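Residue numbers (our numbering), protein chains in the order written: chain A, 1 to 555; chain B, 556 to 751; chain C, 752 to 816.
It should be emphasised that the hints constitute simulated quantities derived from the structure, not laboratory data. Please read these numbers as outputs of a predicted model, since none were measured by experiment. Cβ coordinates follow ideal geometry from the N, Cα and C atoms, glycine included. Among the hints, a few may not be true.
[Stated by the list, open to error] Reference listing, derived: stretches of chain B covered by chain C, where coverage requires no fewer than 3 residues with Cβ under 8 Å from a Cβ of chain C:
(1) 575-584
(2) 627-634
(3) 732-745
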Amino acid sequence: MSVADLQRAHPASHIHPAPQGFISKYIFSLDHKVIAVQYFITSGLFFVLAGLLAELVRVQLTQPHNNFLDAATFNEAFTVHGSAMVWLVAIPVLTGGFGNLIMPLQIGARDVAFPWLNMLSFWLFPPAGILLFGSFLLGAPQAGWTEYPPVSVLASPGTSMWCAAIFLIGISSTITGLNFLVTIIKMRAPGMTWTRMPLFVWASAVTAFLNFIATANLSISLAVLFIQRTFHVPFYDPVHGGSPVLWQHMFWFYSHPAVYIMILPAFGIVSEILPTMVRRPIFGYKAIAYSSVAITLVSFMVWAHHMFTSGLAQWIQLPFMIMTMAVAIPTGVKVFSWVATLWGGRIRFTTPLLFVLGFLSTFTLGGITGVFLGSVPADVHEHGTYFIVAHLHYVLFGGSIFGLFAGLYYWWPKMTGRMLDETLGKFHFWLMFVSFNATFFPMHWLGLLGMPRRVATYDPAFHGTNLFVSISAFVLGASMLIFAYNALRSARRGKPAGPNPWGGRTLEWMIPSPPPYYNFKELPVVLSGPYDYGKPLPYLNVDPAIMQLADAPAY
Amino acid sequence: MAAHAITMDDAAYAEQRDIRLLGFLFFLISDSVFFGSLIFAYLYLRNSVPIWPPPGIERPDVYLAAVNSVVLFGSGVTMHFAMEGMRRSHMRRFVGFMLSTIVLGALFVGGQVLEYVKLLPVDKWAGSTFGASFYTLTGMHGFHVSVGVVFLITVLVQTLRGTYTKDRHFGLTAATLYWHFVDIIWVALFFLFYIY
Amino acid sequence: MELHLLERIFAGIASIVVGAFALAGLVGEWKKTGLDDHVTKVMMVLLTIGCVLVILVAAGLIGRV
């Protein structure tokens, strides 16, 4: 296929008329970039609310027998904290936020495959959040984000609202997953083969697959819990032959792939930032791309490692233990590739890169404790303790949230047309990194010494450490205010960014900041991969003045 | 899409059709996961007790179900021939086979209702794990068939209005795939509840 | 029961007819190459298997009575 063939008018190359009116432009918008901003704002709000719940939990735990929250309210606080962070923050912001904003730009498309469904996906999100937080009015669920029967069947009227909320967000994710995978398969710019795609697009593709396959399973589990509670249909009730372990199997068959839904986009973000900030090709492009596929497939085969203490027969535990060890291998391949990319490069220690380094260190540590937990004998000792809380926060906060901030600092100029202040950004990073480790590292030995998780009171021997953790957690929460201030300041007097402040080579940097509604005046033609620093940019139909900026980054 | 499908040029239509087909197939895969999940729950519950069905449960009538099944499978075949009619612009054939499909589909739903009316006095939904799995799974399937009947009626009406033609009829393609999907889910459920 | 016998006869004969037409349709579709055509072929095969199950049930060879 010649370049001329590729350049021949692509059916999708016509530009549709601009949206008119406030409602079409900003409320019920079909534009993936506007929808992305809507996701960012909504999940930002839920991040604050869920974070406040965590701070309330930490206030209660400053003393062994505190009266700040009674036991029921404490349970409600950690349950809604976990549920909100997973379903109203991590999943929407990484997929609905970054996926929507960046993926279509990186493949050289004008929008996603089904823009109306994209809009629907977003508008299912605020009602879901209202239902989840509204459950406090009826008595919020108390059994943790995992809501095991029989507690989830018998207690807390608000659990039904929780079911409805997560069901809605599940439908939203399933539609988005379907939408994004079709977009990536069918709407890449002429010449962009699979191995010329940016790694964030690879990450978006595998995440989309997980989203529409795994989430359907969650929706059914929730629907069944709902009918069990409302109509007493005995799936999970042992009195009539049901089984609480059935819930665990059904729940974790989704929820283990879900944790990969929360981390794979962050892996993609890291793979984008590193070549740009280190000014050299990413090490092991194919290894990173194919290991994402491997992680996706193996993620369906490990779910019962969350159930090692649920009475499973040993012949079941053993294969899950082996597969859990195995799933760490492709992730290890990625970590080694990222480190190899840094090695010998000319590193620019900008805020996005600092967050990437923060991600690498904390996520890797979390991954290591995950391998410990994958071993059945170790897990039997550590399950249900603060060791798990430490592990999960190192991978989810260290992984998804540090990844989120890395992406936010990196793509903020593209989204808004203005830079965030670098000094404030670095201050935010260091305060967050130090307080994060101070909060969650001690939890490893709290867990090993036997402090259970999800408890409002504890043995006084753990007092000192818990007090230290709580104070660190307050500092961690406060560090977010620096980002909020930086964001507001950028809106008022942030430096204008131009199309390519970082000197990136992927297609989103080849258009103005913020991009026009149609993204590209003419669809670009792609001649090779995006990470070959030192070689000319492999694009046709892209503004030459903008192309030059890739060689002369402003930061 | 139907409304402005007529105005798109051929290349644009072909591209849109491809994209929508892939999206619809992914939707069917995701729907399969819904059923797969419930089937897993049924098999898990069934395998955790030594006797199935649990004591006191009356088995549903396998011969009624066999009749109902052949009605549904028949509707799958008439749907296929309706599609062939559209592809060859034999509009009368198309309308005839579509109507047959709709009637057969509605008969299937009626047959399921009859099955429930016979069974519910003895086997309650909330009374046992048998009731839980049987009614939830077949109910979910019956719901899918009902939605399918509405889908088919809509496509038929759209065709009579001239929206779908020999060369541009993605809505009909989607309806056909959905209808076949609902059929093969029933093959699985018929096997799991009436044979296995 | 008389009703059962009627049901078995009807189901048995009807599923042979339906199965035959399904196979005829399948043969007609066999050469087509589109994605939707491939999916249709798979579904038609499974539908035919469904007809076979009904025949076996009607004959009393399988099925929980």
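Practice item. Could you tell me which of the hints above the structure violates, numbers in ascending order? Key: none
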